[in-house]
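Quick mapping for you: the protein sequence lines, in order, are chains A and B.
Residue numbers for the first sequence follow my numbering, beginning at 1 and rising by one.
Residue numbers for the second sequence follow my numbering, beginning at 1001 and rising by one.
Among the hints, erroneous ones may be present.
[Claimed, not checked] Taking CB as the label site, the calculated pair distances span:
id, chain 1, residue 1, chain 2, residue 2, range
1, A, Thr93, B, Arg1070, 52 to 58 Å
2, A, Lys53, B, Ala1049, 31 to 37 Å
3, B, Arg1070, A, Pro43, 57 to 63 Å
4, B, Thr1037, A, Ala46, 34 to 40 Å
5, A, Arg104, B, Thr1030, 50 to 56 Å
6, B, Glu1068, A, Gly44, 39 to 45 Å
7, B, Ser1066, A, Glu25, 54 to 60 Å
8, A, Glu7, B, Thr1078, 22 to 28 Å
9, B, Lys1052, A, Leu41, 44 to 50 Å
10, A, Ala26, B, Arg1042, 53 to 59 Å
11, A, Thr83, B, Glu1107, 34 to 40 Å
12, B, Ala1041, A, Glu7, 35 to 41 Å
[As the list claims (entries may be wrong)] Stretches of chain B that chain A covers, calculated by requiring three or more beta carbons in the stretch to come under 8 Å of a beta carbon on chain A:
id, region
13, 1013-1026
14, 1085-1095
15, 1099-1108
[To be verified] So these bits of chain A aren't anywhere near chain B, every CB distance computed over 12 Å:
id, residue
16, Asn13
17, Pro16
18, Val19
19, Ile29
20, Thr50
21, Arg68
22, Gly79
23, Gly109
In short, the hints are calculated from the structure, not lab data.
Note that the structure is a prediction, hence the values are computed from the model and not measured.
We put the beta carbon where it would ideally sit given N, CA and C, even for glycine.
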Amino acid sequence: MLTDRIEREIVINAPPQRVWQALTEAEHISGWFGDATEIDLRPGGAIVFTWSKCGSHHAVVERVEPPRLFSFRWARPAGEPATEGNATLVEFTLSPDGAGTRLRVVETGFAGLQVSDEDKAVAVKENTEGWIDELGELREYAERPAA
Amino acid sequence: MTLRPGPDPRGVLAVMADSTRCRLLEELATGGAATATTLAARLPVTRQAVVKHLGVLTRAGLVTGSREGREVRYAVHTGPLASAADWLAGLAAEWDQRLAAIKRIAESG
């Protein structure tokens, strides 16, 4: 049956400290999530992920345990503060793997997202279109040679 | 929270987050269409509770009921479940893309 959990993993040929920087430093975050990022890196600190086409998404830092654990709760609807009914939890775990790092991401809380009766069809359509745009950009970014 | 029939995967996940509804759906999926009375006999819940949960499942588009004499027979409608699974698979694929981007950034430093 369905589970309310997404779990993915990748092995990176760089030490955890280096992966930690890619995950938590504003200039690097915009390379994998959004186009611009503001981050106050401490539990309870605010994050704003801005997509030039889709607006800003607010998030709250949950745990900061360098270089092992970083998590945040991000609001799925653009422009809204993260609350219990609109946010999912994203948790990154870093563990040494030889000379490199095993990076795991777990996103949970989809079942708790509240669905507004009136707007949900429209909202889902907009989200889907937004994500399709963003995916294309991610692919372009990922396929560009490293600067 | 009210849920209407529709393609919203979040609604489907919220409905499925309840263990009794999950059991009911599994019963219907494995044992075929059944009435509330039959289902209540197979699960440790009252018929009244089964009827209530079937109502939620019906509104979410996960089961459809058809009248048979004095009872209603419920059958699984797999469409919304498949859409929700597809939605989650899509989100997982997005994470794969993001992890690949993180790898690229970390390895280029």
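Right, here's what the structure says about each hint:
1. A/Thr93 <-> B/Arg1070: 52 to 58 Å: holds, 55 Å
2. A/Lys53 <-> B/Ala1049: 31 to 37 Å: 46 Å Cβ-Cβ, so the 31 to 37 Å window is violated.
3. B/Arg1070 <-> A/Pro43: 57 to 63 Å: With Cβ atoms ~58 Å apart, the hint holds.
4. B/Thr1037 <-> A/Ala46: 34 to 40 Å: violated, 54 Å
5. A/Arg104 <-> B/Thr1030: 50 to 56 Å: violated, 33 Å
6. B/Glu1068 <-> A/Gly44: 39 to 45 Å: 56 Å Cβ-Cβ, so the 39 to 45 Å window is violated.
7. B/Ser1066 <-> A/Glu25: 54 to 60 Å: holds, 58 Å
8. A/Glu7 <-> B/Thr1078: 22 to 28 Å: Hint holds: Cβ distance 24 Å, inside 22 to 28 Å.
9. B/Lys1052 <-> A/Leu41: 44 to 50 Å: holds, 46 Å
10. A/Ala26 <-> B/Arg1042: 53 to 59 Å: holds, 55 Å
11. A/Thr83 <-> B/Glu1107: 34 to 40 Å: Given range 34 to 40 Å: holds, Cβ gap about 36 Å.
12. B/Ala1041 <-> A/Glu7: 35 to 41 Å: holds, 37 Å
13. 1013-1026: holds (count 7)
14. 1085-1095: holds (count 7)
15. 1099-1108: holds (count 10)
16. Asn13: Since the minimum Cβ distance to chain B is about 5 Å, asparagine 13 of chain A lies within 12 Å and the statement is violated.
17. Pro16: Given a closest Cβ separation of 9 Å, the condition is violated.
18. Val19: violated, 5 Å
19. Ile29: It is violated; isoleucine 29 of chain A is separated from chain B by about 9 Å at its closest Cβ, not greater than 12 Å.
20. Thr50: Since the minimum Cβ distance to chain B is about 16 Å, threonine 50 of chain A lies beyond 12 Å and the statement holds.
21. Arg68: holds, 15 Å
22. Gly79: holds, 18 Å
23. Gly109: violated, 10 Å
Checked against the numbered hints above, the structure violates hints 2, 4, 5, 6, 16, 17, 18, 19 and 23; every other hint is satisfied.
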